Amino acid sequence: MNGAHMSVGMFESFITGHWFSAEAKALWSDTATLQAWLDVEAALARAQAELGVIPAEAAPVIAACARSELFDLPQLAEAIAFAQHPLVPVLHRFEQLCGEPAAGYIHWGATTQNIFDTASALQMLRTHALLAGHLDDAINALAALALAHQATPMAGRTHGQHALPMTLGFKLAGWVDELDRGRQRLAERLAPSFPASMGGAIGTFAATGPLGPAVQALMARQLGLQPAPLPLRASFDRASDYLAALGLLAGTAQKIAQDVVFLQRTEVGEVAEAFHLGKVGSSTMAQKRNPSTALLLVSLARMLRTRTQAAQDTMVRMDEGDSSATNVADTLLPEIAIIATSVAETLARLAKGLVVDVQAMSRNLARTQGLIASEAVMMRLTQRMGRHEAHRLLYAAAQRAQSEGVPFVEAMRALPPFDGGALPADLVQALDATAYVGESVALTAQTVARVAPGV
680 MNGAHMSVGM FESFITGHWF SAEAKALWSD TATLQAWLDV EAALARAQAE
730 LGVIPAEAAP VIAACARSEL FDLPQLAEAI AFAQHPLVPV LHRFEQLCGE
780 PAAGYIHWGA TTQNIFDTAS ALQMLRTHAL LAGHLDDAIN ALAALALAHQ
830 ATPMAGRTHG QHALPMTLGF KLAGWVDELD RGRQRLAERL APSFPASMGG
880 AIGTFAATGP LGPAVQALMA RQLGLQPAPL PLRASFDRAS DYLAALGLLA
930 GTAQKIAQDV VFLQRTEVGE VAEAFHLGKV GSSTMAQKRN PSTALLLVSL
980 ARMLRTRTQA AQDTMVRMDE GDSSATNVAD TLLPEIAIIA TSVAETLARL
1030 AKGLVVDVQA MSRNLARTQG LIASEAVMMR LTQRMGRHEA HRLLYAAAQR
1080 AQSEGVPFVE AMRALPPFDG GALPADLVQA LDATAYVGES VALTAQTVAR
1130 VAPGV
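Count along the sequence shown from 1, then add 679; that gives the number in my numbering.
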């Protein structure tokens, strides 16, 4: 099984293929990639014809033949392996389809990397639309859940330990807010990161002369892209900017997924991902309801982040063109696009299926018998003796409560100010953890209104 899996590859394997977005895989299939190349060639010809660089009658012929179904992919694969060049065999077939004289005006003044980079820009724009849709779905689902539980108290945790009370809505608002920043980063970087680049062999427009920039601008407009201000083949920082933002999104997605894994632990049980009969957690332990979607999201986020980091390395390019770098980037980009879309898609599925156990949250909040509200008590005591003295006394009571297993209220009553007597009413009131959630409700509502106003 492992051998078959490895030979097919993770995107198409019957074992792992379902992990990845079918729509994104279609956008980066060999057929779609070839069509993107042809779309760029056709747009280049139309722009050049309009500006008088090539004969006007050549462009319609070139555009009419720019159809991937007219190409035999297995035959092209053999020709590419023999020529050891990824585009020249495609151009030869393209020329045959167009015939003379149009064939003589295909790829006029362009170089292979111009076509590849501009075609990849088209595919990345289409990929972004898919990814952004899934990200919107995830944000909206989490925002709706946050509003529904804006006042549901739960334990806030730091370093794996109870810290202060908060509400579930506040926690979810934190996820929503961070995802929204990721969404904004990607939207801001998209267009400038993936421009149309048609500067020729080294980016100087040597073959097309003064009309070269105008051709590039017109072609870019036809394709819905921005023209590259300086179309250097050796510059990859623009694309790297967007890819870095994808790496940040992966970090946010993994953080959320790991929170869900923790909250679904048997001993915690506050939140769980969707379950249906037939979903299996173990081949031997029939009781298992594993957070498989969250764990898959962690896996995908790790895959994405390692690839975006590797893509940054391809910014280092020799001279004005370097296939040792572009080969890596051209290979990584489809994987990054597919995995990034799959991260957003899986995140949306996880968000839409989350189930909340309010009773478990209440039970866990009360588990420390008031210790989680120690800050609330300290703030009341501060009014009597100053913060430093209040903290010293409560530290002694809190540590005794944990070391000896006595209720926090009893440990407090033993403090010198009370000498075993009853606690003042305001201190007893302060021990109510559900009343010490700060501005959780207001902050949740404000965040949702800002990030997902339609929810």
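Some clues are possibly wrong.
Said to hold, decoys possible - Label-pair ranges, simulated between beta-carbon atoms:
| id | residue 1 | residue 2 | range |
| --- | --- | --- | --- |
| 1 | Y1074 | M689 | 48 to 56 Å |
| 2 | A830 | S1003 | 14 to 22 Å |
| 3 | G903 | E946 | 34 to 42 Å |
| 4 | M994 | G903 | 41 to 49 Å |
| 5 | P780 | T695 | 30 to 38 Å |
| 6 | S914 | D751 | 29 to 37 Å |
| 7 | R1129 | T1010 | 17 to 25 Å |
| 8 | M997 | E736 | 37 to 45 Å |
| 9 | E999 | G903 | 21 to 29 Å |
Honestly, the hints are just simulated from the structure, not real lab data. Just so we're clear, the structure is a prediction, and the values are computed from it rather than from any experiment. All C-beta atoms in this analysis are idealised placements derived from N, C-alpha and C, irrespective of residue type, glycine included.
Do the hints match the structure? See the list:
Judged by the Cβ atoms, the range 48 to 56 Å given for Y1074 and M689 holds: they are separated by roughly 52 Å. A hinted range of 14 to 22 Å for the beta carbons of A830 and S1003 is inconsistent with their spacing of about 58 Å. Remark: the range hint 34 to 42 Å for G903 to E946 is contradicted by a beta-carbon distance near 52 Å. Judged by the Cβ atoms, the range 41 to 49 Å given for M994 and G903 is violated: they are separated by roughly 26 Å.
A beta carbon spacing of about 49 Å between P780 and T695 contradicts the range 30 to 38 Å that was offered as a hint. The given range of 29 to 37 Å is respected by S914 and D751, whose C-beta atoms sit roughly 35 Å from each other. As the Cβ distance of R1129 to T1010 is approximately 39 Å, the hint placing it in 17 to 25 Å is violated. Distance hint check for M997 and E736: the Cβ-Cβ separation is about 41 Å, which falls inside the suggested range of 37 to 45 Å.
Between E999 and G903 the CB atoms are about 27 Å apart, so this pair conforms to the stated range of 21 to 29 Å.
Hint check: violations occur at hints 2, 3, 4, 5 and 7; the rest are consistent with the structure.
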